[in-house]
Structure formats: structure tokens, C-alpha cells
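Chain by chain, the residues run as shown.
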Amino acid sequence: MGILDTIFGNKKKKIEAALQKDPTVDKVLELSAIYVSENDLSSALRLLRAWSKKFNDEKMRTTLHEVELQERKSEISALEVRIKEAPNSLNYSRLASLKIKSGELEDALRISKESLEKFPQFNSGAHQCIGDIFLIQENYDGAAKEYELVIKEDPNNFQVIKSLCEIYIYKNMVSKAVSYLEDLIKKNPADQTLRDMLARAKAGETLVEEVEEEVLPTPTPIPVAAPVAPVAPPAAKSVAVNREPETSKIKEKQPTLSVTAPDGSVKEIVLKKDEFVVGRHQDADLSIDDGKNFISRKHTVFRKVNGKYQVADLGSGNGTFVNGNKIQAPHDLRNKDIVKVGYYSIQFLGGDSGPALPAFDMTMLEDSEATIVGQEFSYLGKSAEPVTSKISVDLGVEKIAKIAGVNQVIVINSSGFPLHFAANDKSLDEQKASALMSYIYGMIQVDTDKLDIKQVHSCDIFTNKLSVFLYSKNGFVVCVIGSLSCKKAQVDVEIKSLLQGLV
Amino acid sequence: MSTIKEVMLKISKIDKVTGAILSSYEGIIIDSMMREGKDEVMQAGIASHKLTKAKESLSRLNLGEIKQMNLYGANGSQCLFEFNGKFLVVNCNKDANINYVSLELQPLIEDINKILTK
Numbered sequence: 006m007g008i009l010d011t012i013f014g015n016k017k018k019k020i021e022a023a024l025q026k027d028p029t030v031d032k033v034l035e036l037s038a039i040y041v042s043e044n045d046l047s048s049a050l051r052l053l054r055a056w057s058k059k060f061n062d063e064k065m066r067t068t069l070h071e072v073e074l075q076e077r078k079s080e081i082s083a084l085e086v087r088i089k090e091a092p093n094s095l096n097y098s099r100l101a102s103l104k105i106k107s108g109e110l111e112d113a114l115r116i117s118k119e120s121l122e123k124f125p126q127f128n129s130g131a132h133q134c135i136g137d138i139f140l141i142q143e144n145y146d147g148a149a150k151e152y153e154l155v156i157k158e159d160p161n162n163f164q165v166i167k168s169l170c171e172i173y174i175y176k177n178m179v180s181k182a183v184s185y186l187e188d189l190i191k192k193n194p195a196d197q198t199l200r201d202m203l204a205r206a207k208a209g210e211t212l213v214e215e216v217e218e219e220v221l222p223t224p225t226p227i228p229v230a231a232p233v234a235p236v237a238p239p240a241a242k243s244v245a246v247n248r249e250p251e252t253s254k255i256k257e258k259q260p261t262l263s264v265t266a267p268d269g270s271v272k273e274i275v276l277k278k279d280e281f282v283v284g285r286h287q288d289a290d291l292s293i294d295d296g297k298n299f300i301s302r303k304h305t306v307f308r309k310v311n312g313k314y315q316v317a318d319l320g321s322g323n324g325t326f327v328n329g330n331k332i333q334a335p336h337d338l339r340n341k342d343i344v345k346v347g348y349y350s351i352q353f354l355g356g357d358s359g360p361a362l363p364a365f366d367m368t369m370l371e372d373s374e375a376t377i378v379g380q381e382f383s384y385l386g387k388s389a390e391p392v393t394s395k396i397s398v399d400l401g402v403e404k405i406a407k408i409a410g411v412n413q414v415i416v417i418n419s420s421g422f423p424l425h426f427a428a429n430d431k432s433l434d435e436q437k438a439s440a441l442m443s444y445i446y447g448m449i450q451v452d453t454d455k456l457d458i459k460q461v462h463s464c465d466i467f468t469n470k471l472s473v474f475l476y477s478k479n480g481f482v483v484c485v486i487g488s489l490s491c492k493k494a495q496v497d498v499e500i501k502s503l504l505q506g507l508v
Numbered sequence: 005m006s007t008i009k010e011v012m013l014k015i016s017k018i019d020k021v022t023g024a025i026l027s028s029y030e031g032i033i034i035d036s037m038m039r040e041g042k043d044e045v046m047q048a049g050i051a052s053h054k055l056t057k058a059k060e061s062l063s064r065l066n067l068g069e070i071k072q073m074n075l076y077g078a079n080g081s082q083c084l085f086e087f088n089g090k091f092l093v094v095n096c097n098k099d100a101n102i103n104y105v106s107l108e109l110q111p112l113i114e115d116i117n118k119i120l121t122k
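Protein sequences appear in the order of chains R and H. Everything in the first sequence is counted per this note's numbering, starting at 6 for the first residue and increasing by one. Everything in the second sequence is counted per this note's numbering, starting at 5 for the first residue and increasing by one.
So that you can see chain R by itself, here it is in the shape it has in the complex (with noise of 0.2 Å):
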């Protein structure tokens, strides 16, 4: 019976109404397992994510990994396919940055090098996933060479001039840095992250003057006894330049967390207690909210286990992350490890004397995850369900290109790259048709608020050989071309859900 149950989905509805009325542990594991035997990942995803919230359950959170996992598998597999069947830059780094967050670098450069081979041309997320390889890497010289490169094939791609600008910190070539900020706080004038890098990298400017100083011979002797005072320096240099500054010596000596808010504000905490949560919730060691919920209320905790210490994962929504890496188990600290909660980054100072990291912040890397292919899917690194957004977009497309009549779907951003294709007649060229179907739904916007019309959403062009829809959303269009048979009808039906996802 049991097996039939499960075949006619009885057992499935009987699960979900029963974890409705008693939620457990094991409910939600058998049904996950069903979802998992349907293949239907993404469901099974989506029930785990938002039980392991509630539920601090070590098992459910290992399901959750090994889902997430083959889901991950499944979609590199898919990928290689579809490259096999329709080579083309974009999915090659879509394949780049899965095998990137699966930690198969070496899969991913070659990936990545192979994408250039074929497609030297425009091809700004190959150049942006071999710079977070070597970001990765630590060849910092590698990676702002290659965001150099993606940098002039799109100027706008906020993320990357980022990354590059706190390589530039680190390097000490903080002009570089001012000169790209102070450009793109003219763009974006009301973002306050960038006006707080500014800051940052002014001060190490101003540092390195006061070295050039103070290497420079001076007539009068320094007083050799002078007493050291430990004076606290500026908040923003602590974490964010790779210098050394007198008290952050003294303070290695007991283990301390460096803790920097979003807006750019440090604090630092001496760890006195074995046990040490770090949370939304006001009960919490350290009690932090970044007003996204993202962070959990009880987060992350480090533990002092054989008198080092460790960090946990505590069945966060969002996930704990060191140096970049998203952890499963607890982690071992090492000295200056860079642990991320949110949009928080605490760095662990002291404790193990082992190899210590540079003080760049490899959170930065993490945030792009955003940038699967270049400057695509902002939404993605600080959605909570960024996987799935992706799928809903990618089924979208796959869907709205089995309607009959439909000879190519492109989801296009705002500069005009093609973040999806889908492609039942291969004659056209994905790059160029985005470019030109980008500009002219530019140009259909220009100067309609003289119209009565005002804002203009969507468009149809017929022409003597097709028609072509336009819809937007969000800075992003979404362009179909189908044959003059093609019912746009359908179209709109299957746009409405292809829309959503595009946040």
C-alpha cells in the first residue's frame, strides 16, 4: 500500500496536511525524500529552507546541503548539455559560476578560457568569472587584469568595479580606487556603501602619506622610550587596509571580533565567553540586524572547543560564511579569518597562530554571486531564494519558447546583454539581437511621457517575415520572436509568471 501511496501521491498529501496541523522533523524529511524520488528539487528545496528556519535541526540541514547539491549537479549537467546543443557565451558562464560556487576552480577556468576560445568578442562574464577565480586564488594582480577587462566591455557593472576597487585598496593603489569611486558615486549618488569605500580608501591614501613621512630622514631624534600608547585607530582602517596597526597586535594576543556593520562602522569585541551567539534576536551575545532580514536570530555562534575556537552555522536561513565559503559543519578559526552573517563581516582576530589571511574582505565575492554571467541576476546574491528565482526565470523561458510559433526568447538587461536564451531557429545571434532589441525598446521610451500614452510596458512590432514582442520590468526586457502565426495571446499568459521572477 505503502508504495502505491506514494505512486498515486496520497501518501504526499497526507504528509503535507499533516505537517500543516503538527510540524516534526521527520515530516518534513519524508517529504522532502518525496519531492527529492519526483525529482522535483526545487520544491524539496523550498520546503527545507523554510523548515531548517524553525526547525534547528542538524539532519535537515545536512538534507538541505545534499539537495542543494544535486540540485546544483543536475543543473551543471543540464547546462553541459544545452552548451553541446547551443554553444554560446552565456551559458558557458552560467557553467563557470556553478562549478565556481561548487569550488571546482579548475573546471571553471578552463570553462571559462574555453568560452573566450570561441567567443573572444563581448564576452564580459568569462573575463568577470576567471577574475573571481583568481580573486579566490588570492592572485589579486590576475583578477583586477580581468575586471579591468570586464569593466570596458560594461562600464555600469556595479559589482565588478566593486571587486576591483577593493583589490585597488588592498594593493595600496588607492587613487585608482578614489578616481573609479568618486565616478560611480556620480552615478549613484544615494548609495552610501560606495560613499563608505570612499572613505576607506581616502584613508589609506592618507596613510601611506603619513609613511612616506615618516621614512623620510628627520633632523630631530625619535624618542626611543617613548611609551606606546595603544591608541585606537581610525574605524575604517582596522578592517579594511592591510596594515598593521599598533593595537590590533596587542589585541591578537586575546581572541577578538572585528565587526563591521554595512555602513561601514567597526566594533570589536573580546571573545570572554566559551559560547558565543551572534543573532537578530536580543537575546544574542551579539545582537545584529541589517534591517534585510537576513540575518537569523540566533545565527551563528563561536565556540571555544580544545581552547580554540570555532564557528557554527546555527540553522540560519541565509547561512554562515568563511573567507567566502558557505559552512556546513564548524569551522576551526584561523587568525584574521573573515566570518560573514549577513551583510555583517566579522573578522577573527587572534587565538590560532596559524597562516593568517590578507585583510581583504572575501565577503565582496560572496555578494557576487549576484553576477552569475557578468552583470546579470543583481537579484540573486541578496535574495533569499536566489536558485530558485533563476529556475522560475529559466522555466519561463523554456516555457514561453514551447509555445507554437516562437522562434526565439531572450531575457535581455539593462546594458543590453541576453541574461536567457531560448532558441527553437539558431539564425539569430543572441549578442547582437539583445543589443538592438534592447535599444529599440530604449527608444520607444524616449519622450512617450509627451504622449498620452505615457510609460510604455510592452510592445509588438510585425514585421513582413515576423513579429517581435517587447515586455519590461525592472530594467529588463524580454524580447520574443516568433513567426507572424505566433498568438501573442499565449504569450502574455506565460510572461505574467516570467516577469515575476525578474526582480
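Derived by calculation from the structure, the hints in this document are not laboratory data. There could be a bad hint or two in this list.
Cross-link-like lysine-lysine pairs, in silico, PhoX-like; alpha carbons within 20 Å at most [unchecked claim]:
1. H:K98 - R:K459
2. H:K98 - H:K20
3. H:K20 - R:K459
4. H:K9 - H:K122
5. R:K437 - H:K118
6. R:K118 - R:K89
7. H:K118 - H:K71
8. R:K459 - H:K42
9. R:K492 - H:K9
10. H:K57 - R:K470
11. H:K71 - R:K470
12. H:K59 - R:K437
13. R:K106 - R:K123
14. R:K455 - H:K57
Per label pair, the in silico range of CB-to-CB distance [unchecked claim]:
15. H:P111 - R:K492: 44 to 54 Å
16. R:S488 - H:L13: 28 to 38 Å
17. H:D99 - R:S48: 36 to 46 Å
18. H:K42 - R:S48: 51 to 61 Å
19. H:G49 - R:N469: 17 to 27 Å
20. R:S82 - H:A78: 16 to 26 Å
21. H:D99 - R:V498: 17 to 27 Å
22. H:K71 - R:A409: 55 to 65 Å
23. H:G89 - R:N429: 33 to 43 Å
24. R:S488 - H:D99: 21 to 31 Å
25. H:G49 - R:A204: 41 to 51 Å
26. H:K118 - R:N469: 12 to 22 Å
27. R:V498 - H:D19: 21 to 31 Å
Selected chain H positions facing chain R (Cβ under 7 Å, derived; list incomplete) [what the hints assert, rightly or not]:
28. G31
29. K54
30. T56
31. K57
32. A58
33. G68
34. K71
35. Q82
36. G89
The beta-carbon is built from N, C-alpha and C at its ideal position, and this holds for glycine as well.
Using the hints, position chain H against chain R.
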């Protein structure tokens, strides 16, 4: 055979149509049926610009020659029809069924075309 004026009048009487302009790409207005106070020269100029740019882009992609372009806005819709170096702008209110309007317009556009090519 009807005159352009008569055909334009018929267009303006289609349900939900609020106005129409027949113009050349150079901006010379052949005829218009617009409410008072509406700047038909400016509207024709904007429409001409949009059609020209869209035509250029589509020809670069070898997607054919534009025959019709519908713009859906927050306050209404606009249909642009191209024929023989001239174009027709038809403004509709936001409740208009563009498919229906297009259907009604087809024979009238053929009439205009015949008159202009005569």
C-alpha cells in the same frame, strides 16, 4: 473612392480610438484627427523617430520590414502603421482592444494606400 479625410474620419470613429495622424517620414502631416490642444506635429515627429530607429535595428537583424508597431503605455496604447514612406499613428485609450482596433483598421489602411498610390 473615399477621400483621405473620409477614411481618417472613419478611423477616428472606431471604438476607443482617441485620435489619428497620417504623416510622411519627413514630418509633413497629410491629415489628422486629433482632439483640440494636441500637438500633432510633435506626435508625428516622435512616431517617425521611433519607426525609423526600429526599422534600422530590425533590418540589421534581417527580421524584415516593419508593417505595424503597437506601444502599450500606462495611460493608453498607440498603433503605428507604415506604408509607402508614410505612416499612420492611431492613439487609443487604455481600455482599447488593440487586436480589434487593428482588425478594423486593416481595410481603412488599404483604402489610404490606394488613395496615396493613385
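Now for the hints, and whether the structure bears them out:
1. H:K98 - R:K459: Satisfied, since the Cα-Cα distance of roughly 11 Å is no more than 20 Å.
2. H:K98 - H:K20: 8 Å, holds
3. H:K20 - R:K459: 17 Å, holds
4. H:K9 - H:K122: 16 Å, holds
5. R:K437 - H:K118: 37 Å, violated
6. R:K118 - R:K89: Holds - the C-alpha atoms of K89 (chain R) and K118 (chain R) are around 16 Å apart, at most 20 Å.
7. H:K118 - H:K71: 16 Å, holds
8. R:K459 - H:K42: 14 Å, holds
9. R:K492 - H:K9: 34 Å, violated
10. H:K57 - R:K470: 18 Å, holds
11. H:K71 - R:K470: 10 Å, holds
12. H:K59 - R:K437: Since the Cα atoms of K59 (chain H) and K437 (chain R) sit roughly 15 Å apart, the hinted pair holds (cutoff 20 Å).
13. R:K106 - R:K123: Given that 20 Å is the threshold and the Cα spacing comes to 23 Å, the pair is violated.
14. R:K455 - H:K57: 18 Å, holds
15. H:P111 - R:K492: 44 to 54 Å: 23 Å, violated
16. R:S488 - H:L13: 28 to 38 Å: 35 Å, holds
17. H:D99 - R:S48: 36 to 46 Å: Since the Cβ atoms of D99 (chain H) and S48 (chain R) sit about 39 Å apart, the hinted range of 36 to 46 Å holds.
18. H:K42 - R:S48: 51 to 61 Å: With a Cβ separation near 53 Å, K42 (chain H) and S48 (chain R) satisfy 51 to 61 Å, so the hint holds.
19. H:G49 - R:N469: 17 to 27 Å: At 25 Å between Cβs, range holds.
20. R:S82 - H:A78: 16 to 26 Å: 44 Å, violated
21. H:D99 - R:V498: 17 to 27 Å: For D99 (chain H) and V498 (chain R) the Cβ distance comes to about 20 Å; the hint holds.
22. H:K71 - R:A409: 55 to 65 Å: 21 Å, violated
23. H:G89 - R:N429: 33 to 43 Å: 34 Å, holds
24. R:S488 - H:D99: 21 to 31 Å: About 29 Å separates the Cβ atoms of S488 (chain R) and D99 (chain H), which means 21 to 31 Å holds.
25. H:G49 - R:A204: 41 to 51 Å: 48 Å, holds
26. H:K118 - R:N469: 12 to 22 Å: 19 Å, holds
27. R:V498 - H:D19: 21 to 31 Å: Holds: the Cβ-Cβ distance is about 25 Å, inside 21 to 31 Å.
28. G31: Because about 14 Å separates G31 (chain H) from the closest Cβ in chain R, which is outside the 7 Å limit, the hint is violated.
29. K54: Status holds, d = 6 Å.
30. T56: 9 Å, violated
31. K57: At about 5 Å, which falls below the 7 Å cut-off, the nearest Cβ of chain R leaves the hint on K57 (chain H) intact, so it holds.
32. A58: 5 Å, holds
33. G68: With a minimum Cβ separation of about 3 Å from chain R (threshold 7 Å), the hint on G68 (chain H) holds.
34. K71: 5 Å, holds
35. Q82: Where the cut-off is 7 Å and the nearest Cβ of chain R is about 5 Å from Q82 (chain H), the hint holds.
36. G89: This hint is violated: G89 (chain H) lies away from chain R, its Cβ roughly 15 Å from the closest one there, beyond 7 Å.
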